[in-house]
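Participant: Residue numbers (the working numbering), protein chains in the order written: chain A, 1 to 261; chain B, 262 to 562.
It should be emphasised that the hints constitute simulated quantities derived from the structure, not laboratory data. Check the hints yourself; a few may be wrong.
Claimed, not checked - Once the Cα atoms are required to be at most 25 Å apart in a straight line, the calculated DSS-like pairs of lysine-lysine come out as:
| id | chain 1 | residue 1 | chain 2 | residue 2 |
| --- | --- | --- | --- | --- |
| 1 | A | K112 | B | K557 |
| 2 | B | K459 | A | K87 |
| 3 | A | K245 | A | K173 |
| 4 | B | K478 | A | K87 |
| 5 | B | K478 | A | K107 |
| 6 | A | K112 | B | K478 |
To be verified - Sample of chain B residues facing chain A (criterion: CB under 8 Å; computed from the structure):
| id | residue |
| --- | --- |
| 7 | D460 |
| 8 | Q461 |
| 9 | R463 |
| 10 | L464 |
| 11 | F465 |
| 12 | S467 |
| 13 | G469 |
| 14 | A470 |
| 15 | W473 |
| 16 | Q474 |
| 17 | A547 |
| 18 | V549 |
Glycine residues also receive a C-beta, built at the ideal position from the N, C-alpha and C atoms.
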Amino acid sequence: MVSPPKLRLENLSKTFTTDNGDFVALAASNLDIPAGRFVSLIGPSGCGKTTIFNIVAGLLPPTTGRVLIDGEDATGFIGQVGYMLQKDLLLPWRTVLDNVALGMEIKGTPLKEARERALPLIQRYGLGGFEHQHPSALSGGMRQRAALLRTLLIDMDVILLDEPFGALDAQTKSKLQEWLLGLFNDFGRTVVFVTHDVEEAIYLSDEIHVMASKPGRIVEALPIDLPRPRHRSVVTTPRFMAMKKYCLDLLHDQDPQRSAA
Amino acid sequence: MHFTGNGIMSLAFPTSLAPRDAEATPPATTEQAAPRPGKSARRRLPVSRNWPTSIVMLVQMVILVGFIALWEISAAYKLIDPFFWSRPSAIWSTLLIFFTEGDAFTDIGFTFRSTIIGFVLGTLAGAALGLSMWWSRNYASIVQPYIICLESIPKLALAPLIILVFGMGLASKVAIATALTLVVSALTAYSGVQSVDKDQERLFYSLGASRWQVFTKLVAPTCVPWIISILRVNIGLALTGSIVGEFVAFQHGLGRTILYAGTTYDIALVWVAVLVLSILSIIMYASVSWLESVLKRNMAY
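All chains should be modelled from the sequences, with the hints used to inform the complete structure.
Facilitator: Written out as structure tokens, the structure is:
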């Protein structure tokens with residue numbers, strides 16, 4: 001018997017009712033994500049990427065369709081996936097350690113035990129020496145690391161990352177991408193990653209789903225068959241360049257002026 | 262001269278000669294700068310140098326001593342009527358009598374007690390009321406206009422009524438002090454509630470948090486700085502409430518002493534009580550500021 005995909009979106013759609021009539025944020029979409037894969041969603045703003053995440057995280061009821069995790073209906077349940085929102089959202093009054101432990105604490109782990117689990121990871125994943133600092137003492141890149149560790153430590157198999165590196169400078173970004181790949185290898189979670197950055201998506205992912213807007217929908221799935229572990233230099237290989245060009249063309253073709261021509 | 266030089270010269274100039282700014286700017290400069298058409302007069306950053314603390318304090322002392330001396334002298338030469346204005350020497354001797362033979366400590370204790378109880382009750386109950394409005398948006402929108410109405414009532418005007426209800430003793434003073442602080446605290450705590458980041462709330466819920474967890478781990482800590490910020494205002498309000506309560510219903514307290522001394526034309530005693538009250542107020546204000554800094558430091562648990 002074939003095991004069900006880790007995360008399945010079945011006929012999922014979302015329509016918002018506004019004063020100017022209905023707005024289709026996401027047209028009925030289907031998506032299967034097998035366990036242990038790194039999948040990226042790319043697309044222009046307003047293509048429904050964040051809507052998908054909010055529905056999967058149980059923060060937004062879908063208009064139609066279901067979310068299945070391991071074949072079980074998870075529609076409308078919160079706390080079933082790890083969700084990292086665009087902002088790091090660290091609590092300024094908590095230390096880095098207690099911020100990273102927050103997810104576990106909410107899941108019911110006693111704070112002392114949560115700290116004991118978080119501490120070695122903080123030290124191992126580049127925040128050593130900062131565990132008793134407050135978030136205000138951290139750089140943007142370090143804040144993202146702390147937020148990501150908080151998301152990972154709640155032990156959910158599915159991790160949703162909504163443009164985690166969107167606000168970082170290019171150098172920090174590439175450093176964090178490699179850091180994230182390291183984490184992905186070590187933890188073996190199923191990651192769904194939203195980004196605007198095509199190169200980032202190809203470099204990190206096993207699979208890319210290109211989305212379009214008006215209405216938001218998934219237009220094409222591209223497998224990325226670059227071998228892992230990936231070295232940074234992979235981005236200059238002809239294979240990588242070809243995929244990047246293909247993705248950019250797909251995104252560019254959605255430009256209403258071009259498609260009308 | 263320097264000022265007619267090229268751009269590099271004039272850029273380098275201010276840093277090298279900045280401390281001697283005043284002397285180094287001859288009147289000729291303005292004449293030289295003025296002929297440039299279309300350019301506004303060039304200015305340097307105005308810098309005011311700080312005096313050492315000792316000099317600042319010395320000047321403060323001189324002003325204080327000068328003021329007291331002026332008061333004493335004008336009273337001695339009948340420039341002001343010492344019957345209405347009293348005089349520092351008379352105030353001093355009254356102060357000594359007030360503390361040695363009078364009810365100084367009973368009065369201070371009474372005023373202090375009603376202020377502190379009113380302050381604590383008003384702040385805690387107000388904060389609880391404000392925080393409770395997070396739990397239900399419907400409840401908040403129903404209650405909010407009433408709280409704003411309460412805020413606009415001049416609560417001191419209700420003092421006689423409060424005395425009737427709560428009696429002549431401590432309870433009525435505490436009630437007035439509480440009434441003054443409660444509404445302000447509630448509104449401030451509610452502002453804190455409204456400042457809770459919606460995305461932060463979403464993060465908590467995405468982690469599977471319960472309402473109670475969001476409240477204790479996010480909403481309440483977010484509101485703590487708001488509530489702390491109101492403490493200093495509240496201690497002043499509570500003191501005002503107690504004094505007004507004592508004005509209306511005589512029994513004990515510094516407010517009663519002021520009113521009593523006023524009606525018996527013992528102006529020196531009025532000043533003594535006001536002085537003691539000010540010192541009490543300063544001490545309480547300083548204690549609350551200290552409490553505030555301690556709370557802020559320990560906010561990070």
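Participant: Take the hints in turn and mark each one as holding or not.
Facilitator: Results for each hint:
With a CA separation close to 23 Å, the supplied pair K112 (chain A) and K557 (chain B) stays within the 25 Å bound. Our distance criterion of 25 Å between C-alpha atoms is met by K459 (chain B) and K87 (chain A), whose separation comes to about 12 Å. For the hint pairing K245 (chain A) with K173 (chain A), the CA-to-CA distance comes to about 21 Å; that is within 25 Å, so the pair holds. Taken as a hint, the K478 (chain B) and K87 (chain A) pair is honoured in the structure, with Cα atoms around 19 Å apart against an allowance of 25 Å.
For a cut-off of 25 Å, the pair hint linking K478 (chain B) to K107 (chain A) stands: about 13 Å separates their Cα positions. Our distance criterion of 25 Å between C-alpha atoms is met by K112 (chain A) and K478 (chain B), whose separation comes to about 16 Å. The criterion of a C-beta within 8 Å of any C-beta in chain A is met by D460 (chain B), whose closest approach is roughly 6 Å, and the hint holds. Contact between Q461 (chain B) and chain A, as hinted, is supported at the beta carbon level, the nearest pair being about 5 Å apart and thus within 8 Å.
Given hint, R463 (chain B) at the interface with chain A, holds; its Cβ is 6 Å from that chain's nearest Cβ, closer than 8 Å. Interface hint status for L464 (chain B): upheld, as the beta-carbon distance to the closest one in chain A is roughly 5 Å, under 8 Å. With a cut of 8 Å, the hint placing F465 (chain B) at the interface with chain A holds, because the nearest CB-to-CB distance is about 7 Å. A cut of 8 Å between beta carbons decides the hint on S467 (chain B): the least distance to chain A is about 4 Å, and the hint holds.
At about 2 Å, the closest approach between the beta carbon of G469 (chain B) and any beta carbon in chain A falls short of 8 Å, and the interface hint on this residue holds. Interface restraint check for A470 (chain B): the shortest CB-CB distance to chain A comes to about 5 Å, inside 8 Å, so the restraint holds. With a cut of 8 Å, the hint placing W473 (chain B) at the interface with chain A is violated, because the nearest CB-to-CB distance is about 11 Å. For Q474 (chain B), the suggested interface contact is upheld, since its CB lies about 6 Å from the closest CB of chain A, less than 8 Å.
Checking A547 (chain B) against chain A by beta carbon gives a least distance of about 25 Å; that is not within 8 Å, so the hint is violated. Look at V549 (chain B): its Cβ only gets to about 21 Å from chain A, farther than 8 Å, so that hint breaks.
Of the numbered hints given earlier, the model fails hints 15, 17, 18; all others are met.
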